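Note that the protein sequences, when read in sequence, are chains D and S.
Each residue of the first sequence is one higher than the one before, starting from 1 at the first, in the numbering used here.
Each residue of the second sequence is one higher than the one before, starting from 1001 at the first, in the numbering used here.
There's no promise every hint is true.
[To be verified] Pairs of lysine-lysine residues, derived as DSS-like cross-links and limited to a Cα-Cα distance of at most 30 Å, are as follows:
# : chain 1 : residue 1 : chain 2 : residue 2
1 : D       : Lys365    : S       : Lys1036
2 : D       : Lys36     : S       : Lys1365
3 : S       : Lys1036   : D       : Lys59
Simulated from the structure, these hints should not be mistaken for laboratory data.
Since the model is a prediction, treat every value here as computed from it, not as a measurement.
There are 2 protein chains.
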Amino acid sequence: MRGERVSMSCRSADLCGATLVGVLGTATGIGAQALKDLQTPDIPLVLKAQGSFFVGGDKAEQTQVELGGLGPGGHITVNQMYVRYMVPQGGDGNVPVVMVHGATLTGKSWETTPDGRMGWDEYFVRKGHPVYVPDQVGRGRSGFNQALFNDVRGGSAPAGNLPPWLRFSDEVVWPNFRFSAKPGEPYPDSQFPVGAVDELSKQGVPDVSFGGLPTPNPTFKALSDLASQLNGAVLMGHSQSGRFPLEAALLNPSATKGLVLVEPGNFPSRYTDEQVKILAAVPILVVFGDHRDTPTGISSRPSWKLSFDGCQELIGRLKAAGGQAQMLDPAERGIRGNSHMIMQDKNHLQIADLILKWIDESVSKRAAASK
Amino acid sequence: MRGERVSMSCRSADLCGATLVGVLGTATGIGAQALKDLQTPDIPLVLKAQGSFFVGGDKAEQTQVELGGLGPGGHITVNQMYVRYMVPQGGDGNVPVVMVHGATLTGKSWETTPDGRMGWDEYFVRKGHPVYVPDQVGRGRSGFNQALFNDVRGGSAPAGNLPPWLRFSDEVVWPNFRFSAKPGEPYPDSQFPVGAVDELSKQGVPDVSFGGLPTPNPTFKALSDLASQLNGAVLMGHSQSGRFPLEAALLNPSATKGLVLVEPGNFPSRYTDEQVKILAAVPILVVFGDHRDTPTGISSRPSWKLSFDGCQELIGRLKAAGGQAQMLDPAERGIRGNSHMIMQDKNHLQIADLILKWIDESVSKRAAASK
Chain D
1 MRGERVSMSC RSADLCGATL VGVLGTATGI GAQALKDLQT PDIPLVLKAQ
51 GSFFVGGDKA EQTQVELGGL GPGGHITVNQ MYVRYMVPQG GDGNVPVVMV
101 HGATLTGKSW ETTPDGRMGW DEYFVRKGHP VYVPDQVGRG RSGFNQALFN
151 DVRGGSAPAG NLPPWLRFSD EVVWPNFRFS AKPGEPYPDS QFPVGAVDEL
201 SKQGVPDVSF GGLPTPNPTF KALSDLASQL NGAVLMGHSQ SGRFPLEAAL
251 LNPSATKGLV LVEPGNFPSR YTDEQVKILA AVPILVVFGD HRDTPTGISS
301 RPSWKLSFDG CQELIGRLKA AGGQAQMLDP AERGIRGNSH MIMQDKNHLQ
351 IADLILKWID ESVSKRAAAS K
Chain S
1001 MRGERVSMSC RSADLCGATL VGVLGTATGI GAQALKDLQT PDIPLVLKAQ
1051 GSFFVGGDKA EQTQVELGGL GPGGHITVNQ MYVRYMVPQG GDGNVPVVMV
1101 HGATLTGKSW ETTPDGRMGW DEYFVRKGHP VYVPDQVGRG RSGFNQALFN
1151 DVRGGSAPAG NLPPWLRFSD EVVWPNFRFS AKPGEPYPDS QFPVGAVDEL
1201 SKQGVPDVSF GGLPTPNPTF KALSDLASQL NGAVLMGHSQ SGRFPLEAAL
1251 LNPSATKGLV LVEPGNFPSR YTDEQVKILA AVPILVVFGD HRDTPTGISS
1301 RPSWKLSFDG CQELIGRLKA AGGQAQMLDP AERGIRGNSH MIMQDKNHLQ
1351 IADLILKWID ESVSKRAAAS K
């Protein structure tokens, strides 16, 4: 496989035509599809900076039992948010983009796709934007507060106090992420690389945020603080975190230069008129894939059409309040078959280009015009 | 802070003298030290490739309760290992280095240091090596198997069955990571950037690997498979994972081109003569910092000197079996004050250079000579 050239499914102007090279050796087993399938653009990535850091965090005093017993009681940090970043050479004057993942997932959502193509994180960097990818508080490299679990283990708290750890089964993912109505039988026009669905399964991690985090979710404040520290940023959320950019903007609207809500879930029209007025000051783009009528099999959200409709209603209210909000529905433009995991779909760079165009016109040029 | 130049604590030939530029905005609060303090070399990082993928993973069938209750029972993937990688432009012919983190930590250990300096991950890339940074199975972006926790919550398993979630308190970290014998009173020669110790605290995540993982730890096999898929790699472990490279090499010695054991913990001399014979075929470097007599305050390992002595004994056995094994003890060379978190110490690039020299001489040149 080393050196073999494979074609790249992309429609982007400056990356299209670029052949991709599998450079990273051969796979040895069923579980090894991902490394073998990694694709590499033949144009190198030139970074001014990359690395990681944390935003937020609270000191908590915990007992020996709560700390797992190896040492005496003491203090730890909880509720911190891990952030990985890449800044393109020459791009540190461009608006940064923060990409937040959805439920049962981590920042991995935005990295290399399940079938080995470039993730949106790198693509947005190649398009000139500094990119920041957090793990939500409570997940991935942000960790979680383990005290209650150890208290239950030690007998000082009842098991019924435990919050659930959520994961979506592979069977639920097919209809819920809208690859098809039935597991294993993809929609003929599905844009998701269903041959790599087992690699998507590996992206799943237990999610304690439905009952096991402080209220409000510390990620809201962390995102707001991150945007502020960056002197302004576009906040992009997905699915569970689709509304997080709105929550962060309500905390500090001036730091949020634009909001991109990708397939936001559980989206009631619950914002007050006062909140809508605040949000109307920020450019907002909502993005939804296709096949929104698919029954999810999850009773609390029977279909994604409900979220879509809720977003349309919010867009109407934002516009009525003088805001600049719009829906990006690729199906309306004849681009069919996009899934809930639109950032991993086969045409993900085509969708990214539409979002980048919106950022350019609605955020970057708007900021330049107001100077 | 934007554009302010700060000096870099480094002794590396080709990066020394490079000024570092803080490019990433200003901080707004106590919890925001990390972003403000990020330092950026003024030489851009040119990557042939970067991204992430998974190694390994098992399918598990779980009940609705075990999945957290949102959908019906079904299958998920568990025991997969997340890996982030960077390949330098022109470096894909050089030996890859895999860096595995220690207990209660994630791959973040090897990234940007708590006080904002370049991590070993980027430094080794800048020195020409493809670098692969996993999260151990059970932690970070690799996730863990949540079924038992949800079973206890649902009442179908007793709380006493729960494994502990381990975290080190900030107070324990000072003596255990050997910044000093007493919290807040660093050794005068301490190389750890103790002013940023609160940022180290944020790197902590709960660790279920002491009782909550399958036996043997799936990370051993995942590391062995990763090395094999890479057509050979140097495996570097730290602390808890200090012995993981040995375990991976025992599974497939030909795929491990070299082993770097950084401050390995809990190191009994338990390898059989047969195992030592297998390990003697692989070049091995053990690295230990200073102040190894510091009482850790943890009864199961009262001092790191015990681990150091265990490693010396193993090195003796490996040499007697014809192996090429050696101890790198910087204190012997007059480099004093290194901590357990040696990859984050102020002189971390100086230590890295010693390891890189060993890789060059004991792995790269050896491989070239045998061709």
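Do the hints match the structure? See the list:
At most 30 Å may separate the alpha-carbon atoms for a hinted pair to count; Lys365/D and Lys1036/S meet this at roughly 27 Å. Simply put, Lys36/D and Lys1365/S have alpha-carbon atoms about 27 Å apart, close enough for the 30 Å limit, and the pair holds. The straight-line distance between the Cα atoms of Lys1036/S and Lys59/D is roughly 20 Å, inside the 30 Å bound, and the hint therefore holds.
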